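Given chain A's structure and the hints, the job is docking chains B and C onto it.
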Amino acid sequence: MSEPGPQRCWHTEEDFGIGKVRIAASDADVRLSLALGLESPAGGRMMRDDRLACIPLGPQEWTIIGSADAVQAALTRVAEAFREDLALVLDMSHGAALLRLSGPQAIGRIAAYCDLDLHPASFPTNHAARTRFGDVGVTLARLDDCPSFWLIVDQSYAEYLTLLLDHDAPAT
Amino acid sequence: MLIDCPWCGPRSEREFRCGGEGHIVRPETPDAVDDTVWADYLFYRDNPKGLGYERWLHRFGCGRWFNVVRSTTDHRLAAVYGMSDPRPELGGDR
Amino acid sequence: MSGGRVAGGVAIDRSRTIRFRWAGRDYTGFAGDTLASALLANGVSLFGRSFKYHRPRGLLAAGLDEPNAIVQLERGAATIPNLKASYVELYDELYAQPVNAWPSVNFDLMAVNALFKRFIPAAFYYKTFMWPNWLLFEPLIRKAAGLGQSPKNADPDIYAQLSAHCDALVIGGGIAGLAAALAAGRTGRRVMLVTGGAHWGGRFAGSEELVESKPAQAWIASALRELADLPNVALHNRTLATGHYDDGLVALCERVTDHMPLADRTGARQRLWRVRAGEVILATGAFERPLAFANNDLPGIMLAGAAAVYLHRYGVLVGRQLVIATNNDSGWHAAVSLAKAGARIVAIVDARTAPPPTLLATADAMGIAVRCGAAPERAVGGKRVRAVKVAALDAQGRLSGKSEHFACDTLLMSGGWNPAVHLHSQAGGGLRLDSALQSFLPNPRDGILSLGGAAGDFSIDSTLVAARGRVTDPVNAPVRPIWSLSRTAEPDPLAWVDFQNDVTAGDIAIAARENFRSVEHLKRYTTLGMATDQGKISNVSGIGVLSQLLSRPMEAIGTTRFRPPYDPTAIGVFAGHRVGDGLVPRRRLALDHRHVAAGARIEEYGGWMRPVAYPRAGETEAQAIAREVRAVRTGVGLVESSPLGKIEVKGPDAAAFLDRIYVNTISTLKPGRCRYALMLNENGTIFDDGIVTRLAEDHFLVGTTSGHVAAIAEILEEWLQCEWPGLRVLTQDVTTCWAVLNLAGPKARDVLDALDSSIDFGAAAFPHMQHREGEIAGIRARVARISFSGELSYEIAVPWRDVDPLWTALTAAGEPHGLTPFGIEALMTMRIEKGFLHVGSETDGATQPQDVGFAALLAKKKSDFIGRRSTQRPDSLRDGRRQLVGIAVDGTQPAEVGAHIVGVGRKAAIGSDGWITSSAWSPTIDAPVALAMVNDGAARIGEAVRIWDLGRWREGRIVERCRYDPEGARLDV
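Residue numbers (the UniProt record's numbering), protein chains in the order written: chain A, 1 to 172; chain B, 1 to 94; chain C, 1 to 973.
Just chain A, with the same shape it has in the complex (with noise of 0.2 Å):
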């Protein structure tokens, strides 16, 4: 558990889900924007919009995240339409923790433990990345300029990225 506060610029989100989708189809991007209502998501560009959000993670390969109700709806929405094709639909809501990152500290936190060049020309808002942060895995995306960022991790390394987060935290 964990709140913002005056020293902390991140928290955990409590209610959100997460799906993941692989799918073999040659055509599976434009068919799932449509399944998901959403722009065709575009290598490193995160597709939004006030329920949904889309990242693509690797040819074929897409993380969704929104509500866990939204999630839920878009996952059987997404396995409806690949019913017939060479799909894996699966809930991961369980298995994801999601951190929210904000403020001028935001991204001094974040490029303590990754190597993505963060600066606004290359990372605006919308891009997302599956990159290394630490020792783990996470995907990242910029949300705004405030600036704002999604982490996304596997929910068992959440501890660690709390320790992580915490070692010499700005005081204030």
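Calculated directly from the structure, the hints in this document are not laboratory data. Note that the structure is a prediction, hence the values are computed from the model and not measured. Be careful, since some hints might not be right.
As the list claims (entries may be wrong) - In silico negatives: residues of chain B with every beta carbon more than 12 Å from chain A: (1) 21; (2) 53; (3) 78.
What the hints assert, rightly or not - Okay, the calculated bits of chain C under chain A, using three or more residues with CB under 8 Å as the criterion: (4) 584-594; (5) 642-651.
Glycine included, every Cβ here is placed at the ideal spot set by N, Cα and C.
Chains B and C in isolation, oriented as in the chain A frame:
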């Protein structure tokens, strides 16, 4: 090193794992080959000084394997191409 | 006479006095001083004793090239050995001691070494002290050697790390660096400018030099103001570039709190920056080199440029009566500066026969005596220099003729300048010898630009032009190379070349004579360049001496390999957060709080914090484990198995794919069934085992050991992507989506029947090695009836965050049956009683399926799978391989894992026949049980053996590995 993942773009070496020499061909029917051929497949590698073929995994990124041509003397990546793509000639740069 | 404080000093703040303690005495200095400058200002000239010979030593330099004034900073947990006094910023209550001197610097008992110098030259340990046995002398020599004291406590500091990106990284805060940062910053590019020290402006800060017609200090201040106003430029002082790697990656070590009083320090002490730069600009300057003549190491003998820095930066005059010995112009400039500050220059001795007339005229006007074509022959003095003998140089550069005696309290020397090419070379940049400078310059290289002294450009005007992007070709007046001064061709054995490691020109001659003629051999044989200064002052001089001895050009000899770090760097800064709990990512079970509340002792198993056992009040851990085993075997127990791997494998080719992965045939598995499967690597070695479950025709759940989940998820993808891209299969690791509780024991079904579920747990409805999906107590569940304990057992997987109500429901329903939580040790005891394999215990890097009882399984499958071909090699098929058996050990004490097994009565057999791989006390059969890998074990059941167990012999017998319910009847209830 900065490695140009075909899917994610240039990333720090720390996101990758080297899978050793590239284009190692697994015998079609292992049963039919003798111990020398099987040992060659398992253990013998080229180890060139200069440009050589390697395969790499973007372990902390997209999770994809891909091929590279890399120099063992100055780490320079001369080529990056897909797992199933044909391998480029190394040229005189050995 | 020695040095003292005078007017000036751009780095110090005379309004802030600092108190500190050195070598047991209290002193004061000013804010901005280094430990060295403050001590010099206080008239200290003796700073330490040399490494091998314990000769008295003073300051030689003014920066991180200082080889002599090595100090032990602070005490106790905060102590740091071997810092250079000229690189330690002064702070309130600083405490420092010299190293390598006992009882004090002034009176050092080990100075006796100096008397034995003839017997302990370079590489003496290969030659003397050999008879009767080198090992007799080694402890004494080790005790006498070494600098400083290692800390005895754990490092109390925190270290941080940070990644950064920029278009241009400018390394060096002198004129060249400031100019380059301005040029790049004005274009709007992202610029970082870093310097290792606290001050900006480099060598010319506070000097009389003019930069674009302005006094240097004014130019520097104006440059800093403009840089501070540029939002795209970041300045970092106290940030030393320590490593230059591929693709513009540079490591910086930032000293965040080292300059602060101990009591004021908070947060990280140092920070490692990993900077990825589009272009690296090296404005790292150059190191002055000394002259090598007899006794050139006496306190009071210093580099000329360093004396100028002490004056301009710190307002310290290093002496009152100076002789300057040089072979280039810069020695003269130092002399003039010091004369203007009130020093008496006794003489300037220039090795060149015709120095520039302007310099001669200036000296003449100031009444300074000059000797041209001459050099020092020998310095005279004890704890400080008091005179120098000077003689003329002949055409070959040898001292000749009558020597002249000059009384002095300080001797400044300048043998030329070596561009600091370390960072250029670390990244693979090449070097070439410049004949005018007699030193190495960087060759052009893409992405790396060297400026100023680092490029061999000692003209301010030319450097500014280059910093602004135009190519220049600096021309330097030739120095006269005099690598070692002697009257003969033999270098002087008291002419010091490497001051810190105590290596003389005579030592280099020994190395050359003994055929250690390559520069890398010279380094290792003499230890030249190996100390904490890594030869910054000495390397090029050493190459010069060797070049003369061998009559081989310096460029042919080359330099030793430059490696990071550039300067000694605390290991902590490379560790960063990877200490203590941060070393390895630790994970907790879904019900960690429940286990703790139930009294579990938690320990780490493969990165997961898991219950060892649940000892009750008044119970030892061993008693708890025995109680838990009995509870499971006679009643019912509960253990959390969440870390076991679960990987979804789906697709029309999934079954065919898994057939290629496993020793077992998976395609014959029916939906709803489970199979224990072995996975090999291509070398035929057992890599993992686990339960594979078929959920549907095209859908499997692959189970793995908890330690190998990530590896196997990767292996599956590797084969699919690299070898069999045509197979239509998708995989996904879902291990942490599902929490798993294992309910085991003859009463397990009774417990489950008491709960509200959609699954029929009846014996016929749900046989052993089958799988059902449904709901238990309203929670979605996947249940496998599989057993590691050998009892009736159900592994119940539910979504991770939903497991708490399941625990509650099971413990409530289990209460009337005495449901007992059990830990890893009880589970391991039970599987050892059953003789079940545990990959990593019984198996090692060579264990194949036939070794652990799976010969029939191996033979059964005719189609190819990973590793199959390797199990058909002669070594795999031979007799006598180690095989898995049980060992019945006499007595009540379980044998240690690793205890060797020796056959009894086998006369020719020497050595081990194998070893114990798993061991436990079995409360079930009331005896110790063990598994072992024994040569030819399967054929030796019943044989008596001896076991070497922790220093004593024990008796035992080879038995079947399953000691309990060999028919498996208890699984079929």
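To see whether the hints hold, each was checked on the structure:
Its beta-carbon lying about 24 Å from the closest one in chain A, residue 21 of chain B satisfies the requirement of being farther than 12 Å from that chain. The Cβ of residue 53 of chain B lies farther than 12 Å from every Cβ of chain A, with a closest approach of about 22 Å, so its non-interface assignment holds. For residue 78 of chain B, the condition that its CB be more than 12 Å from all CB atoms of chain A holds, with the nearest at approximately 23 Å. For the region 584-594 of chain C, the stated coverage by chain A is satisfied: 5 residues place a CB nearer than 8 Å to a CB of that chain, which reaches the threshold of 3.
Note: the region 642-651 of chain C has 3 residues with beta-carbon separation from chain A under 8 Å; the three-residue rule is met and the coverage holds.
In summary, this structure violates none of the numbered hints.
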